[in-house]
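Here the protein sequences line up with chains C and F, keeping their order. Using my numbering, the letters of the first sequence correspond one by one to residues 1377 to 1719. Using my numbering, the letters of the second sequence correspond one by one to residues 1377 to 1719.
Do not rely on the hints blindly, as some may be mistaken.
No distinction is drawn between identical chains; accordingly, a pair holds when it is met within one copy or between any pair of copies.
[What the hints assert, rightly or not] Lysine-lysine pairs mimicking DSS-like chemistry, simulated, CA-CA at most 27 Å apart:
1. K1528 / K1707
2. K1438 / K1640
3. K1528 / K1438
4. K1640 / K1528
5. K1572 / K1420
6. K1592 / K1572
7. K1438 / K1621
8. K1438 / K1592
9. K1621 / K1528
10. K1640 / K1583
11. K1621 / K1420
Since the hints were derived computationally from the structure, they do not count as laboratory data. Here the structure is a predicted model, which means the values were calculated and not measured.
Protein chains: 2
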Amino acid sequence: MTTNVLENLQFRLAARPVGMVKDSDWQQVAEPVRELADGEILVKVLYLSMDPAMRGWMNDAKSYIRPVAIGEVMRAGGVGVVIASKSPRFAVGEHVFGTTGVQRYWIGPVAETGPSFLKVDPALAPLTTYLNTLGMPGMTAYFGLLESGQPKAGETVLVSGAAGAVGQTVGQVARQLGCRVVGIAGGKEKCDFVVKELGFDACIDYKGGSVRDGLKEHCPQGVDVYFDNVGGDILDTVLTRINLKARIVICGAISQYNNTTPVKGPANYLSLLVNRARMEGIVVFDYADRYHVGMAALGQWLKEGKIKSKEDIVQGLENFPQALNMLFEGKNFGKLLLQVAPA
Amino acid sequence: MTTNVLENLQFRLAARPVGMVKDSDWQQVAEPVRELADGEILVKVLYLSMDPAMRGWMNDAKSYIRPVAIGEVMRAGGVGVVIASKSPRFAVGEHVFGTTGVQRYWIGPVAETGPSFLKVDPALAPLTTYLNTLGMPGMTAYFGLLESGQPKAGETVLVSGAAGAVGQTVGQVARQLGCRVVGIAGGKEKCDFVVKELGFDACIDYKGGSVRDGLKEHCPQGVDVYFDNVGGDILDTVLTRINLKARIVICGAISQYNNTTPVKGPANYLSLLVNRARMEGIVVFDYADRYHVGMAALGQWLKEGKIKSKEDIVQGLENFPQALNMLFEGKNFGKLLLQVAPA
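If we strip away everything but chain C, and leave its shape as in the complex, we get (with noise of 0.2 Å):
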């Protein structure tokens, strides 16, 4: 195909952002697709997974990932559409999952040692399935869960940002391991969907009343496990909740991202001593060589029925700046996406 009429809309990091991302944080070009060069594939982007770990990569500073360079087009995660392939690995109309970028097009070479894709398959499950249960979310959750937490059965599960991406699938597969499941979320409607929908035991409304009531209430043995997404004083309330040899997987803190003040340190966190407990971090990229047995696990799960999983999927690539930021507000309700053309 002559690929040059093809016009590919882009979003560059313009600026480093000082707490909430702004619109002047962000270029957007538009450039015709240059044509295929041997090797090269050319992905259309259908779908872009809208991540808390993106504020992260904005910043200038050390992390697990280099930062996102000012200029260049913002790192996302999506599912596409192959339409035009010089490589013998991919074949046009196949569906693929990888690092897309924030734009309408992806081109480029799809060496067996640089970055590339994999292959899935919309007749197995939806392709957005593959930026959720399926796809990193569903992978944190998995790994985090049963490799730093180590949850067992009749233990207590908690878990925020309960009705988020990584938190829906913590929950319910810690449900399938015989934890009692506690989560906390943000508002009623998402609190009754994670007890009602995904079968959590209890959720704490933690914009509807006090956290540290909640648990009380609902954790009556205490913690066991604790899986954070959001850090800041709800970390610090559970910390004064856990029981002895409790576990504590930090996968996120969504609540300091934007902060322009230091970040919040857990000042409770002494209880590690006191109750001989534990707090790890966990990166999903470390479990990537297992990817296909959490994959499977969950896709299993998926098709029993025993786990289900909730997108909330903004229309059009134009969006993006606004889709982001709903993730700091609290305003997406499950696994947010970005749909950039009809899938």
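Could you slot chain F onto chain C? The hints should help.
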């Protein structure tokens, strides 16, 4: 023997301290020793262990052990000699280690299940060693480092309170395991001792310069294991220098025990996430069923001259309040002991 000719001087808790412990927080009581009942022994206290943890036991807060009650003899570990016995388990003249409390004499039953004493042999090691390397500080260092820190040969092990009772043993054990060992201590004299006498690779004087600069200089490969006895700003600074999969052992937080404001939480705790690192609290009592293993290992290294221990001995039970406060003023140099009677 007739025991009631003996006068037992005791330090009882008079008030719950706010901040540093004041003389008025103690009540000195002198009372005659009562007659022994069947199954009881009378122990003459020789040395008492002065431990940072004692400050925590004075607070009315949930912890790993119940608080000392107002009016109760202050809890302390000690070594002593049995001077009267109506128990078949202990003979007069035997030396013992146990929770004697801050007093001249301990009297009570030594049932199998109640509070009890371990026999110690002054022919194998000086009595003071049983309150140091072969006692709680040594067991804390040995099991905390090995079980929670899990150091591997070639890794960098950092320990704060390096000239203190636990720190000196942590560092020397880590050296035996083939690690690079760096201490943090207050003042040139302590740092010189740690390097020249104990064989640490380096020691950072937190009073004489920036800990951040010291870490850059002396831990050029980053920190794999941090054994933390102090908390506060030093913990926060170390968090910026940890390696992937680092292990932080939370043994204590002496900088925070006399706070009248909330404990300073580690603002840089998200370094745990970035580095997939772990922070875990330890309490020595958890390893009680394996103390004999730790004592055998440390005893062997002591015998071979591979590890040393330094003690700082204050004379006279009447000086207990001042001795205890030395810990929080950083005035002790080595394991702090109070000699109650000539050995």
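Structure-based check of each hint:
In this assembly of identical chains, K1528 and K1707 lie within 27 Å of each other by CA distance neither inside one copy nor across copies; the values are 33 Å within and 46 Å between. In this assembly of identical chains, K1438 and K1640 lie within 27 Å of each other by CA distance both inside one copy and across copies; the values are 19 Å within and 24 Å between. Taking identical chains as interchangeable, the C-alpha atoms of K1528 and K1438 lie at most 27 Å apart only when they sit on different chains, with a minimum of 25 Å there against 35 Å within one chain. When the C-alpha separation of K1640 and K1528 is checked against a cutoff of 27 Å, the pair qualifies neither within a copy, at 31 Å, nor between copies, at 32 Å.
Proximity of K1572 to K1420 under the C-alpha cut-off of 27 Å is found in neither arrangement, the shortest distances being 37 Å within a copy and 65 Å between copies. For a Cα distance limit of 27 Å, the shortest separation of K1592 from K1572 inside one copy, 21 Å, qualifies, whereas the shortest one across copies, 53 Å, does not. Only between protomers do K1438 and K1621 lie at most 27 Å apart by alpha-carbon distance; the minimum there is 16 Å, versus 31 Å within a single protomer. Proximity of K1438 and K1592 under a CA criterion of 27 Å is satisfied inter-copy only: 16 Å between copies versus 38 Å inside one chain copy.
In this homomeric assembly, K1621 and K1528 come within 27 Å of each other (Cα to Cα) both inside a single copy, at 12 Å, and across copies, at 24 Å. In the homo-oligomer, the alpha carbons of K1640 and K1583 lie at most 27 Å apart both inside one protomer (19 Å) and across protomers (26 Å), since each shortest distance falls under that limit. Taking the shortest Cα distances, K1621 and K1420 never come within 27 Å of each other, neither inside one copy (48 Å) nor across copies (38 Å).
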